[in-house]
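K.L.:
Next come the chains, spelled out residue by residue.
Protein chains: 2
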Amino acid sequence: MSNRIITISRQPGSGGNIIARIAAKKLSIPCYDEELINRIAEESGFHSGFVDKHSEDISGGWFSFAASGSFYGSALQDSLFKVQTKVIRDLAGKGPCVIVGRCADFILRDHENVLTVFIHASLEFRATRIRELNGDKVPDPEQFVRNKDKMRKIYYQLFTDRKWGAVDNYTVTLDSGTISFEKCADIIQSLY
Amino acid sequence: MSNRIITISRQPGSGGNIIARIAAKKLSIPCYDEELINRIAEESGFHSGFVDKHSEDISGGWFSFAASGSFYGSALQDSLFKVQTKVIRDLAGKGPCVIVGRCADFILRDHENVLTVFIHASLEFRATRIRELNGDKVPDPEQFVRNKDKMRKIYYQLFTDRKWGAVDNYTVTLDSGTISFEKCADIIQSLY
Numbered sequence: 009m010s011n012r013i014i015t016i017s018r019q020p021g022s023g024g025n026i027i028a029r030i031a032a033k034k035l036s037i038p039c040y041d042e043e044l045i046n047r048i049a050e051e052s053g054f055h056s057g058f059v060d061k062h063s064e065d066i067s068g069g070w071f072s073f074a075a076s077g078s079f080y081g082s083a084l085q086d087s088l089f090k091v092q093t094k095v096i097r098d099l100a101g102k103g104p105c106v107i108v109g110r111c112a113d114f115i116l117r118d119h120e121n122v123l124t125v126f127i128h129a130s131l132e133f134r135a136t137r138i139r140e141l142n143g144d145k146v147p148d149p150e151q152f153v154r155n156k157d158k159m160r161k162i163y164y165q166l167f168t169d170r171k172w173g174a175v176d177n178y179t180v181t182l183d184s185g186t187i188s189f190e191k192c193a194d195i196i197q198s199l200y
Numbered sequence: 009m010s011n012r013i014i015t016i017s018r019q020p021g022s023g024g025n026i027i028a029r030i031a032a033k034k035l036s037i038p039c040y041d042e043e044l045i046n047r048i049a050e051e052s053g054f055h056s057g058f059v060d061k062h063s064e065d066i067s068g069g070w071f072s073f074a075a076s077g078s079f080y081g082s083a084l085q086d087s088l089f090k091v092q093t094k095v096i097r098d099l100a101g102k103g104p105c106v107i108v109g110r111c112a113d114f115i116l117r118d119h120e121n122v123l124t125v126f127i128h129a130s131l132e133f134r135a136t137r138i139r140e141l142n143g144d145k146v147p148d149p150e151q152f153v154r155n156k157d158k159m160r161k162i163y164y165q166l167f168t169d170r171k172w173g174a175v176d177n178y179t180v181t182l183d184s185g186t187i188s189f190e191k192c193a194d195i196i197q198s199l200y
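Just so you know, the protein sequences line up as chains A and C, in that order.
Count along the first sequence from 1, then add 8; that gives the number in our numbering.
Count along the second sequence from 1, then add 8; that gives the number in our numbering.
Excised from the complex, chain A in its bound form:
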């Protein structure tokens, strides 16, 4: 039996990263989120800021190419995805853990013991959270969330050939705007 892994994909602003941390704490297993960025940076030689920006979203400059359908992944983002795949598979091989985002649900699709989770919430709920967390730094939170959704969706589709957030990809999906973060983590724990 391979290590039991939890992957948590999440809509921007849904609080999925917080839910991941709470669930990992309840289960006493590591949670890889920012730590994952550092490991990918270390392994790839890219700066962690670059990894953070390009490891799950199509970023601004590439977006117009992607949207036009003429873009199949820049060389840089392609090689980043390869490193990301290796790092995530290595972590899954080492021991039970929670992995946040970065197409881990797809990368570990052949791993026999994965609980795949998707956290979502209404646009209104997510924009309100972004406003609370960032204040004036994000002048239009709704537009920010919409753009982030779009960039993540296209990134996921480009690299996995699947639809981001499609119900069939997940063992469980939870609306964190209706269910408290604590309760979401309880459900994840109970399914582990």
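Simulated from the structure, these hints should not be mistaken for lab results.
Check the hints yourself; a few may be wrong.
A pair holds if it fits inside one copy or across any two, identical chains being indistinguishable in the list.
Cut-off 25 Å, straight-line C-alpha distance, at most; resulting in silico cross-link-like pairs (SDA-like, lysine to any residue) [as the list claims (entries may be wrong)]:
#1 LYS171 to PHE114
#2 LYS102 to THR186
#3 LYS145 to GLU120
#4 LYS158 to ASP169
#5 LYS191 to ASP118
#6 LYS156 to ARG170
#7 LYS90 to ASN46
#8 LYS33 to GLY103
#9 LYS34 to ASP194
#10 LYS171 to LEU131
#11 LYS156 to THR186
#12 LYS158 to GLY103
#13 LYS61 to ILE162
#14 LYS161 to GLN151
#15 LYS102 to LYS171
Please arrange chain C on chain A, whose structure you already have, making use of the hints.
P.N.:
Chain C alone, transformed into the frame defined by chain A:
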């Protein structure tokens, strides 16, 4: 505060109707599934067999029109949907309950106290269940499930203008091929 309602939408063969019954029993509230068909039949004057066939799937004869995009609901199915809407709203007004399928998640979208659930499972899991339940009566269970999916999807889209099984429509979605029926019902109970 309005009555707390649970709507359970489900892919054909996923066992959603069984999960609904278990959850309702755990919560000691009524579960409307076949009973719903009888009530719609009584209210509409249609035979219960007709209601069963046409209250959540586009049936064979109409399918080619629907697929061509030139069909916006036959007069019969339209009036059936109106009765269905009335019956479901009446039930939700009477007391807490579980309602299975029949676009109840959409019909009760403005009801302030609804837990919306979607039960899904892999094609393989569902085809195996259909085979076990029906034996030779269904010669090609995979094809049967695929057709049913298609008919339900088109029905839902025609009458709700939403995408059937889209994650945003549901508080929680559960993969009943991975999570046991009993456990699915436990999660629903814990969210009530």
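K.L.:
Does each hint fit the structure? Answer for all of them.
P.N.:
Going down the list of hints, with the structure as the test:
In this assembly of identical chains, LYS171 and PHE114 lie within 25 Å of each other by CA distance both inside one copy and across copies; the values are 11 Å within and 23 Å between. Taking identical chains as interchangeable, the C-alpha atoms of LYS102 and THR186 lie at most 25 Å apart only when they sit on different chains, with a minimum of 24 Å there against 35 Å within one chain. Taking the closest pair of Cα atoms, LYS145 and GLU120 never come within 25 Å of each other, the shortest separation being 43 Å inside a single copy and 34 Å across copies. Within a single copy, LYS158 and ASP169 get their C-alpha atoms as close as 15 Å, and across copies as close as 21 Å, so both meet the 25 Å cut-off.
Taking CA atoms no more than 25 Å apart as the test, LYS191 paired with ASP118 passes between copies only; the shortest distance there is 24 Å, against 29 Å inside one copy. Taking CA atoms no more than 25 Å apart as the test, LYS156 paired with ARG170 passes in both settings, with 18 Å inside one copy and 22 Å between copies. When the C-alpha separation of LYS90 and ASN46 is checked against a cutoff of 25 Å, the pair qualifies only within one copy, where the shortest distance is 15 Å, while the shortest distance between copies is 56 Å. Proximity of LYS33 to GLY103 under the C-alpha cut-off of 25 Å is restricted to the intra-copy arrangement: shortest distance 15 Å within a copy versus 39 Å between copies.
In the homo-oligomer, the alpha carbons of LYS34 and ASP194 lie at most 25 Å apart both inside one protomer (8 Å) and across protomers (19 Å), since each shortest distance falls under that limit. Within a single copy, LYS171 and LEU131 get their C-alpha atoms as close as 19 Å, and across copies as close as 17 Å, so both meet the 25 Å cut-off. Proximity of LYS156 and THR186 under a CA criterion of 25 Å is satisfied intra-copy only: 21 Å inside one chain copy versus 31 Å between copies. Proximity of LYS158 and GLY103 under a CA criterion of 25 Å is satisfied in neither setting, with 33 Å inside one chain copy and 40 Å between copies.
Taking the shortest alpha-carbon separations for LYS61 and ILE162, only the intra-copy value of 14 Å comes in at or below 25 Å, while the best inter-copy value is 39 Å. Proximity of LYS161 to GLN151 under the C-alpha cut-off of 25 Å is restricted to the intra-copy arrangement: shortest distance 15 Å within a copy versus 30 Å between copies. Proximity of LYS102 to LYS171 under the C-alpha cut-off of 25 Å is found in neither arrangement, the shortest distances being 29 Å within a copy and 39 Å between copies.
Hint check: violations occur at hints 3, 12, 15; the rest are consistent with the structure.
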